[in-house]
Amino acid sequence: MNLEKVVFGFFILLALTLNVAFVDGEIDNPSHHNVWLLFVTIIVNFIATGLKLGDRSQIGALLLAAALVADLQLIVAASIWTIAEHGSESGITPDVIAVIVSVSRGALVANIISVIMVVADTLMLRR
Amino acid sequence: MPRSSDLDRVTMIVLRFMRGPIVLLISVYAIGITGMAVIPGPEVDGEPTHMSFFHAFYFMTYTATTTGFGELPIEFSEAQRMWAIACLYLSVVAWFYSIGTIVRLVQNPYFRQALAQYTFAISVARIAEPFVLICGFGDTGSLLARGLSDRLIKAVVIDTDPERIKALGLRDYWVKMPGLCGDASVPKQLLDAGLNSRRCTGVVALTRQDEKNLDIAVMVRAMNPSVPIICRCTSRRFDEEFKALSNVAVLDPFETFSEQLTTALQSPALHTLDEWFLGVPGVTLDRTLGYPVGNWVVCGHGRMGQWLFESLRSRSVPVVAVDPRIPEDMERSGLGVRGDANRETLLQAGVREAVGIIAATNNDSVNLRTVMNARSLNPEVFVVVRQNRHENAVAFSMLNANLIMEPSLVTAQRALLRLVAPPIGTLFERLEDCEGATVQELFTRLKTTVRETNPTLWLARLTRDLAPALARANELEQRITLGDLTRDPSNRNRCLPCVPLVAERGGNRTVLPGADFELREGDALLLCGTRSSRYLLDATLGSWYTLNYLVSSVEPPRGYFMRWVERARARK
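Read top to bottom, the protein sequences are chains A and B. With the numbering used here, letter number 66 in the first sequence gets 66, and the count goes up by one each step, no holes. With the numbering used here, letter number 20 in the second sequence gets 1020, and the count goes up by one each step, no holes.
Just so you know, not all the hints are guaranteed correct.
As the list claims (entries may be wrong) - With a Cα cut of at most 25 Å, we get these calculated SDA-like pairs of lysine to any residue: (1) A/K5 <-> B/R1472; (2) A/K5 <-> B/N1548; (3) A/K5 <-> B/S1490; (4) A/K5 <-> B/Y1545; (5) B/K1166 <-> B/R1112.
No lab work stands behind these hints, which were simulated from the structure alone.
Same shape as in the complex, but just chain A (with noise of 0.2 Å):
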C-alpha cells in the first residue's frame, strides 16, 4: 500500500462527492443547495489540486488539467452567489441558482473524469 496513492484517492473521491452533493437537487430552488456545501468542495477541490503539483508523467499532467477546470468553474459559481448575495437588491433568485448549478456541475464532470483517470491507471499497474 502506498500512503500517496491513500491521500491522493481521498482527497480526490472527497472532492467528487461533495461536489454531487451540492448540485443535487432542482436546479432553481435554492433551499435545495447549500453554500456551506460549496465552500467545502471548493476547499477540497484546492486541496486535491496541490497533491497533483509536481507529477512528471503524462497522465499526472491530464489530472492536474482537469481539476484545474473544476477549480476554475466552481470559482465561477462561488463569484456568482458572492454578487448575487451582497451585490445586488434581489438576492438568490431561482435564475441565479440555475447558473450557479449549472456551473457547478460542469465542476462535477471534471472531477469524475479525475476519479477515472485514476482508477484506469491504477488497474492498469496492475502490482
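Chain B: place on chain A using the hints.
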C-alpha cells in the same frame, strides 16, 4: 530551395500556355464593354441614355459566360441589341479557346511531370517520421517496401519506370509511400526525395544495373556524408569503387545466399537463428535441419554458381560444377563438366552419388528442367533451386524443392534487417567465432523468453527524446542496469519476454550484454522479443516513475506535497 524551383516550373508552364487565351479574353471584354458604354441606349425624356462602365461590365460578365439575365438595368435600344449579339459570339469563342488551352495544358506531359515532381516533393517534406529512401522499385524494391510497411516504417520510392510508380500507388501499404518517376542518380530527384532531410534514415539502391546503383551511391555520398547506404551489386567489378565510399553496405544476393547455404551446412543452428530473425514463415527455433553431408553438384557457373562453388570449396565440401562456360583447367581436374545440365552431363558430374544438387542458372525454365532430370536419376537428392522471377513462384512451389533461393527476396530481407536492426551483423560475426555452447545458451534463452515463431527485432535508441526516463535517471545519478530495465512493470520479479542482443555505445558494440550492463543516455539496444514486450519497454523508457519502481521496488511520491511529507518523515 528545390521546392520553389519546382513551383516556378509549374507556374512558368501555366503562364506560357495561358498567355494567348488571357490576352484574347481581356481584349474581347474590353471591346464589348467599350461598345456597350459608347452605343446610345433608349431615349428617356428625348435624351439618349448611356450605360455606365460598371453596368457594361456587369452585362458582359453574365453574357460572356452565357448566363443571360436579360436586359439590365433598363431595356436596350436596337443598336445596343445588335452589339450584344456581337459580344456574345465573340466572347463565347474566346472562352472555348481558353478552355481548350487548359485541357491541352493538363494533357501536356511536361506540365504533368513538373506537377508530379512538385506534389512529390511536398508530400516527402510533410513526412514527420523517420523514413527510408528506396531507389528502384522492381521485385526487390517492392518486397522491401512491403516489409517496411509491415513494420510501419515509411519509405520514399524513385523508379524510372512510370508503370512501377503507378503500381506503387495501388499497393495496400499500412503507411503512405510517396513515389516519383525519375532517375535516382540525378541530384535534384534525390533532394526532392528528402535525401538531406533529418528524418531520412537510409538510402537503398536496388535498380537492376550495378553501374546505376554505384552512381546512386556516389551521388548520395557526395550530397549527404552521413546517411547509411545499402547497395545491391552482383558483380565484383565495382568492389574498389564501393570501398572508397564510407558507410556503404554492398548486398550481393548471390554472395549472401551462398554464405547462407554454407552456414546452413556447417552450423545449422546459426542458420536457423538467422531465418528466425528474418521471420521466414514456419521457422521455429526447434527446427532441426536435414542438410546432408557429401558430394554436391552445382548446375550453372555464372555469378551465383561461382559464388556457391567457391564458398562450398572453401569449407571443404566436395563439389562439381556443370556449365557450358566451365574453363578447361577445371574440367581437366575433374571439378567441372562442360555442357548444359542434361542427363548425360549430370551423370558425368556424379549426380547418382551426390547428396545435393543446386540449380543456379539465371533461367527459370532451365533450373526446373535440371531439377527434374536430377530427380529422375537420383530421387533422394537434396534440391536447392534458384528462382529468378517472382511471378514463377507457383511453378517452383509445386516442385517441392528443399530450398528455393530467390535473389530478390534474399536482397530484400537482408536490406530490411540492416535497416531495422543495424548491429545484427556484429552479433552473427561474434557468434561464428564463439563456441557452440554460447549459441546453445542464446537458443535456450530465446526459446524460453520469446517463444514466438515471428519475433519482433528492434533497435531501442536511448536518446533524450525517446527515453526521457533514462535521461532523468542519469541526471539523478541513478544506476540503471539492463536487467532492471527489462523487468516486467506488472511484476518486477519477472522479466519482459525480450532478449537484449547487442548494446551500442558510440562506435562500440557489446554482443549479448549481461543483466549488469549499465545503461547511459545515448546508447542503443538491439532487442528481440514479443510485440507487447516492445510496447512495455517503450512505456518504461518514457516514465521515470515506472523505471524507478523497477530499479528499487519503491514507488516514489509524485506530487510536491507528498515529497515534502516524505522528506519530513525521513528527517525524523
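Results of checking the hints against the structure:
Taken as a hint, the A/K5 and B/R1472 pair is honoured in the structure, with Cα atoms around 23 Å apart against an allowance of 25 Å. Straight-line distance between C-alpha atoms of A/K5 and B/N1548 comes to about 17 Å, which keeps the hinted pair within the 25 Å bound. Restraint check: the Cα-Cα separation between A/K5 and B/S1490 comes to about 17 Å, which is no more than 25 Å; the hinted pair holds. The suggested pairing of A/K5 with B/Y1545 holds, with an alpha-carbon distance near 14 Å, which does not exceed 25 Å.
Under the criterion of a C-alpha separation no larger than 25 Å, the hint pairing B/K1166 with B/R1112 is consistent with the structure, at around 14 Å.
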